[in-house]
Amino acid sequence: MTAPILEGLDLRVLYAGRPVLEVPRIQVRAGEILAIIGPNGAGKSTLLRVLGLLEPPTSGVVRFRGSRVAWGSGDLLATRRHFASVFQEPLLCDTTVEANIALGLRLRRAASEAVTTQVQTWLARLGIAHLARREAGSLSGGEAQRCSLARAFAIQPDVLLLDEPFAALDPPTKDELLTLLHGLLRQEGCTTVFVTHDRDEALRLGDRIAVMMDGRIHQAGAPPEVFGRPISEEVARFVGVETILPGRVVAEQAGLLTVEVDGMKIEALGRATVGERVLVCLRPEDLVIRRRDERVGLESARNHLEGLVEDATSLGAQYRVRIACGPALGGVVALVTKQSFDDLALERGTPVIVTFKASAVHLIPRSHPRPPPSAGEGQGGGDFRDRRQGASHIQR
Amino acid sequence: MELLWNGLLEAARLIATGDPDVLQITWLSVQISGSATLLSLLVGIPVGMALALARFPGRSLCVALVNTGMGLPPVVVGLFVSLFLWRSGPLGFLGFLYTPTAMVVAQFIIAAPIVTGLTSAAMQQLNPRLRLQLLALGASRWQLLWLLMREARLPLLAAVMAGFGGVISEVGASMMVGGNLQGQTRVLTTATVLETSKGNFDLAIALSVILLLLAFSVNYLLTWIQQRGRTP
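Chains A and B supply the protein sequences, listed in that same order. The numbering used here puts the first residue of the first sequence at 126, with every later residue one more than the last. The numbering used here puts the first residue of the second sequence at 1370, with every later residue one more than the last.
Hints are computed from structural coordinates only; laboratory data are not their basis. Keep in mind it's a predicted model, so treat the numbers as computed, not measured. Ideal Cβ placement from N, Cα and C applies to all residues, glycine included. Treat each hint with caution, since some may be false.
[Stated by the list, open to error] Ranges of calculated distance between the beta carbons of each label pair, as one might list FRET restraints:
#, chain 1, residue 1, chain 2, residue 2, range
1, A, A442, B, R1510, 49 to 59 Å
2, B, R1510, A, E301, 31 to 41 Å
3, A, E301, B, L1430, 50 to 60 Å
4, B, R1424, A, E385, 52 to 62 Å
5, A, A203, B, P1415, 21 to 31 Å
6, B, L1463, A, R188, 39 to 49 Å
7, A, G346, B, R1597, 25 to 35 Å
8, A, S484, B, R1424, 38 to 48 Å
9, B, R1510, A, T242, 20 to 30 Å
10, A, R143, B, V1399, 34 to 44 Å
11, B, P1497, A, S425, 49 to 59 Å
12, B, P1497, A, E238, 31 to 41 Å
13, A, A203, B, V1399, 21 to 31 Å
Full structure from sequences and hints, please.
Below, the structure written as structure tokens:
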């Protein structure tokens, strides 16, 4: 494992006595892209400011290349100059595009030929060479963010810190810039910490993902690990698990577990002891729906749940379909392509069978009773009901 | 109407012939008000920036005091500067009363709060996150302040214009602390007052036209600097 280039230890930040950041340990390895995801107000930006040496933590240590950063010393500026940041707002200076891109280098008193070379290079690589002499104030949102990225890359930072750089952009512009940035980061091998609330952005860019909530890092790891095996219900909800059912392990045989959920049996792969209380997590894209009256041949999926379609919401290319599987079970949420949705002729009340593989089931131990829902949990735990009200019901 | 017309003709004649008295009065006005404005910038810009950017107890009180100071009546300033510089006053030993120095001091006291208040306002209207971005790009503390000033250059130049405009046009304080002594402390405004009181309206009009032209030239120069390189 590569040594961390940037590390935070026992970081705590208090605002008016209230903790907004409590991170015992965070490591950024040289050359990696670490994506920090979490809901708004989770403390992601605060963490980024602390790591970028822009805000001293209330307590704790930041290490860059193994040396402890001394806040308030002359070395702080020297260390900070190894970093570059891009924020959600482009925050360009009131001058031309090229002068903006040159700014970081000018602040470092770089030789003017070097500045010119870098500016020309990054104008071209960000596709804004034709805008070089334009006033920054006249740029569109996407152009301004390209300029802001060019300004950061021109410094050739050891660590690039990105704080929701695409959050304010329209979807096509965002998509284009994400692809461009991904390519640039890969070519440059630039160590990057990327903060976002958008899990798709994190999946596209991140080598490693850290999930932050309530000022803490709940889980960190490779994307398949975090997205496929979330460690808690909160993390599961945030990474896109839409069906979470409380159950109890009733049998175990050679790694194949049987979990009883509301009188139904669900088979799962994993490790748990018989009698253990668990949460059964299902990602919507892992579930397959067929009509109950449809005849099928042999199926490899081990799990079959019967239910009635409750509602469906169009997401464009896909439909999110909620199926009521039992009185106490709540609902199961599956994603269906528009094509299948039309073929199956699903409508409210259609009897269906939901099938999924045992390997698609992720179990979270429920050894401790859940804490009472807090205000912040409404976005995670309570969204089933909210979404049902907001969903556009089947019109057919 | 004829009075006004004669006054304008006289103004044109005085300017065209380069009347030595008028030139001397104009030059003294420029020197005194220019010096006072420069001094007020030296004090007002740093203090205004500190008020805008720093957080300290009593900051709101300071801002309120500065804002009040922006409307200081020149006669009140003249009165207190006179009292201080009076021969038996606390600073009487300096012998400044009825000298151009006293006028610079009085005008500085008038201009400084204007420059401070407008600088503070100019800095506060910048995006607060810009500071963070500039630091993140590697700006040192001094570089940061310089860049912020550059970002606020339009309202800062407006502060300079307001400061200069405030002192070049004031008459009460100059009269009280300068004494309107011919060839020594007579400036365009005090001369205008004197000539009007003597009934020399044509000369008074000429002096006020020159005052307006002077104010216009200085503001035109500053506006040109302010708007340079800006696309419409």
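Structure-based check of each hint:
In this structure the supplied range 49 to 59 Å holds for A442(A) paired with R1510(B), their Cβ-Cβ distance being about 52 Å. For R1510(B) and E301(A), the Cβ-Cβ distance of about 38 Å falls inside the hinted range of 31 to 41 Å, so the restraint holds. Separated by about 51 Å at the C-beta atoms, E301(A) and L1430(B) satisfy the suggested range of 50 to 60 Å. Distance hint check: the CB atoms of R1424(B) and E385(A) are about 59 Å apart, consistent with the given range 52 to 62 Å.
The beta-carbon spacing between A203(A) and P1415(B), approximately 26 Å, falls within the hinted interval of 21 to 31 Å. Between L1463(B) and R188(A) the CB atoms are about 59 Å apart, so this pair departs from the stated range of 39 to 49 Å. Judged by the Cβ atoms, the range 25 to 35 Å given for G346(A) and R1597(B) is violated: they are separated by roughly 55 Å. Restraint check, S484(A) to R1424(B): a C-beta distance of roughly 56 Å breaks the suggested window 38 to 48 Å.
The hinted range of 20 to 30 Å is satisfied by R1510(B) and T242(A), whose Cβ atoms lie roughly 29 Å apart. Checked against the hint of 34 to 44 Å, the pair R143(A) and V1399(B) fails, with Cβ atoms roughly 57 Å apart. In this structure the hint that P1497(B) and S425(A) lie 49 to 59 Å apart at CB holds, the actual value being about 58 Å. For P1497(B) paired with E238(A), a C-beta distance near 35 Å keeps the hint of 31 to 41 Å intact.
The hint said 21 to 31 Å for the Cβ distance between A203(A) and V1399(B), and at roughly 47 Å that hint is violated.
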